[in-house]
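Keeping their order, the protein sequence lines are chains V and S.
Sequential numbering from 0 applies to the first sequence in numbering that gives the first Met the number 0.
Sequential numbering from 0 applies to the second sequence in numbering that gives the first Met the number 0.
There may be inaccurate statements among the hints.
The calculated lysine-lysine pairs, modelled on DSSO-like cross-linking and capped at a C-alpha distance of 30 Å, are [as the list claims (entries may be wrong)]:
| no. | chain 1 | residue 1 | chain 2 | residue 2 |
| --- | --- | --- | --- | --- |
| 1 | V | Lys-304 | V | Lys-175 |
| 2 | S | Lys-336 | V | Lys-282 |
| 3 | S | Lys-282 | S | Lys-336 |
| 4 | S | Lys-336 | V | Lys-135 |
| 5 | V | Lys-336 | V | Lys-346 |
| 6 | V | Lys-379 | S | Lys-82 |
| 7 | V | Lys-167 | S | Lys-175 |
| 8 | V | Lys-339 | S | Lys-175 |
| 9 | S | Lys-368 | V | Lys-256 |
| 10 | V | Lys-304 | V | Lys-346 |
| 11 | S | Lys-167 | V | Lys-336 |
| 12 | V | Lys-175 | S | Lys-339 |
| 13 | S | Lys-175 | V | Lys-135 |
| 14 | S | Lys-304 | S | Lys-282 |
| 15 | V | Lys-175 | S | Lys-135 |
| 16 | S | Lys-167 | V | Lys-339 |
| 17 | S | Lys-167 | V | Lys-167 |
| 18 | S | Lys-282 | S | Lys-339 |
| 19 | V | Lys-175 | S | Lys-256 |
| 20 | V | Lys-175 | V | Lys-368 |
| 21 | S | Lys-82 | V | Lys-167 |
| 22 | V | Lys-379 | S | Lys-282 |
| 23 | S | Lys-304 | S | Lys-339 |
| 24 | V | Lys-175 | S | Lys-282 |
| 25 | S | Lys-339 | V | Lys-379 |
| 26 | S | Lys-379 | V | Lys-82 |
Treat the hints as calculated values from the structure; they're not laboratory data.
There are 2 protein chains.
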Amino acid sequence: MRVLIIGGDGYLGWPTAMHFSNRGDAVCVVDSFDKRRWELEEGVEPLLAIPTLQNRVREWKRLTGRDIDLRVGDICNQRFIYKVLETFQPDAIVHYGEQPSAPYSMHSRETAVYTQVNNVVGTLNLLFAMRRHVPKAHLVKLGTMGEYGTPNIAIEEGWITIEHEGRKDTVLYPKKPGSFYHLSKVHDSANIEFACRIWGVAATDLNQGVVYGIRTPETEMAPVLRTSFHYDHIFGTVLNRFLVQAAIGEPLTVYGKGGQTRGFLDIRDTIQCVTLACDNPAKSGEFRVLNQFTEQFSVNDLAGKVVAAARRASIDVTVRNLPNPRVELESHFYEAKHSKLLDLGLKPHLLTDESIDAMFESVRRHVEKVDRQIIQPTIKWAQ
Amino acid sequence: MRVLIIGGDGYLGWPTAMHFSNRGDAVCVVDSFDKRRWELEEGVEPLLAIPTLQNRVREWKRLTGRDIDLRVGDICNQRFIYKVLETFQPDAIVHYGEQPSAPYSMHSRETAVYTQVNNVVGTLNLLFAMRRHVPKAHLVKLGTMGEYGTPNIAIEEGWITIEHEGRKDTVLYPKKPGSFYHLSKVHDSANIEFACRIWGVAATDLNQGVVYGIRTPETEMAPVLRTSFHYDHIFGTVLNRFLVQAAIGEPLTVYGKGGQTRGFLDIRDTIQCVTLACDNPAKSGEFRVLNQFTEQFSVNDLAGKVVAAARRASIDVTVRNLPNPRVELESHFYEAKHSKLLDLGLKPHLLTDESIDAMFESVRRHVEKVDRQIIQPTIKWAQ
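Next up, chain V with everything else stripped away, as it sits in the complex (with noise of 0.2 Å):
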C-alpha cells in the first residue's frame, strides 16, 4: 500500500509513518513544521528535544533499509499538496496535519481564527487535490471525540438514527464542541461527509480520544527515533501533567471538579486504529465514522492512578483543585460507543498499572529537564 502521513513530524504522525513502513508499505511523510513555531510562539518544548524529522528520516533508513518520502511544504498552499497526491499517488492518506491543540485556539481571536483557517482549508485543499489526482485514495482523518461534546445520551459513532414524530432517519451525530480548535474539527467533518456524498470520496474520520504514551516498537529502536512528549499547559495532555507533577513532587493540578470524563488510548492503539482503518477502507462514497479510544476514565480516576503510582514508587504526592481555566461541564453522564474498531480487530493496550508505571519511570528518569513554568493553565475560555 502506498500510504501519505500529513503531519508526519507530529508526535502521532511520526511513529505512524515508522510503523508503516516496517511492515513494508511505501511511505511518505508530509510537514510544515508549523506545530514546532506554536511551541515556539508559546515559549514550550516537549520533555526531550525531537531531532529534526531529516535526521530522522535518515537514521530510518540507515536502521532498517528503508525509505521514507519527506515533502516538507503546507496543505494550505493548495499547488503544494495537489503536487504531493500527483507525484505519489497515494492509495491512503493519513490526515493528522492540523493545529491540534485547545488553549492554542482559545489564546486569543488571532489563534482562533488561525486555527480553523489552517485546518479548514488544508483539509478542503486536499478534499480538491484528491478530487483531482486520487479520486480512489481512501482519506483517513483524525478528527476527535471533543467534537461531540458531553451529552445527555449515548454517544454513537459518528451517525445517529432518529425516531421522530412517527419518522425515522439516519442523521449525523449533533455536535457540541469545546473550544475553536475543536469546531474546526468539526467543520473539517461537515465539509468531508459533503465531499463523501458529491464526489464519492472515501473517508473514515477517526473520532480519537485523549493518546498517552510514547513507545511504540518503531520509537524503542533508537533514542534518535522518539516521538514528543508535552506535558505543557498548551499541548500536553492531563495525564502527561499528572505524570510530571507527581515526578517534581508538586500537587497534581485538577480543573475544576475532575469530573470531567472523556476516552482514552495508548499510542500503539492509535496505530493500530490507523493501520485497521487504511487496511479496511471505507468504500467510494462512504463517510465512516469510528470512535478511536480503548477506556473511559474521569480527570479524578486518572489523578487516583498516578497518586497510586508515585505510593509504589515511595513518593508521596497530593491533588490540588485548581479553578477551571476551560467552560466545560464538570459532572456529567459520558457513555461512549467504540465496537467498530474492535469489530475491525483492535487489541487494546490497557491502562494498567504496570503502563503507568513505565510511564513514571521514563519520566523521572528526566525529570531534571521539566520546566516547571510551563504546566500552570493561563489561557482561560472566558474573562
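Chain S: place on chain V using the hints.
Just chain S now, with coordinates in the frame of chain V:
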C-alpha cells in the same frame, strides 16, 4: 434602538436598513462591496442597476430627513469591525455580510475556500469584537434553511430533543447542507453557539428560506431606493429565474425532477422577521434559532404558479427539465417547523396569484434588460 446592518448594500441589507431608519432607530450600515466584485467575476448583473450605497444613503436623507451612518470596510479585517462596534455601540447587529451563493461556492477550489474563509472569519471577528466592545448587544445572524438539508424527519427550529436508549437530551439539530456555501453557514452556527455558551453572547440564528420580491414600503418611495433582482444562475433564485424565463418566452428550466421542496418568504416578511428578532432579543448566553419562512413549495409547484401567471397574462410558457447541476434529492419528505416567528407576531405575506402577477408584471416592464446568457447553469456540483 441602535441597529448595525452588516451587508447594508445587499438585496436584503438595504431594505432592512431603510426599515429601521424609517421607524426612527439609529442605523449604521457596513459593506465591503465584495458582492459587487463577485458579480463582476461571474459576469452577472441584477435586472436593474443598483445605485451606489453612498448615493442611496444621500437620497434617503433627502427624502426622509433621516441619517444612515455608512462605514465602508470588510469584517474580515478585524480592526475595521472592532472600530465600528467601539464607535457605533449597537444594541442589535444584523449580520447579512456573507458570500450568499451556493453555485459561486461550487465554482472552484478557490471559490469554495474563499467562501468558507470569508464567511467564517468575518463572523468570528464579529464575535470577538462583540465580546470586546458590546458584550450585551444582540447578534441577529442570517443563516439558511439549507443548513438542514432534507432529512426524512421533521426539521425543528435549531434544537431537537432526542430520546436515545432510555435517555434524553436537547441537542443542536443535525445538519446536512448541500454546498460549500451552506456548509459555511453551518460552521458559523456552530461557532456562534459556542460563543453564546462560553461568553454569554445573545444570538438569534435566522435560518431563512428563499426570499422573493423586491418591494417594501421604503423601496417604493423612489426608484433610486430599489433593491436588486437577480435572475442569473449564480445569485438568482428559482422563482426569479422562472419569472424572467416566462417574460422572455423561454421554457422554465427545472433542475432534475423538480420535487425539491424548500421554504419561501416574501422580502417584506424577511424585514418583519428581522425586526421581530431585534425587538424580542435572545437572552444572554442563549443561542436561539428561528426558521424564517412562511410557505413550502417544490420547484414544480413554483413552475406551475409561473405558468399560470403567464397564462393570465396571455403568454404560453412550457417547462423543461434539465439535468440537475446539483447533487441533491429531487423527491423527498420535507416538513420544517416555523412557528416561533409567528408566535413573536409575524403576519405573513403569502405567495398569492396577485403577488406573483405583480412580480411578473414588474419583470415584463424591464424585459429588454434581460441578459439571456446568464440564466443557464454552468457550475456543476460533481463532474
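Which hint numbers doesn't this structure obey?
Per hint list: 2, 4, 9, 14, 19, 20, 21 and 25 violated.
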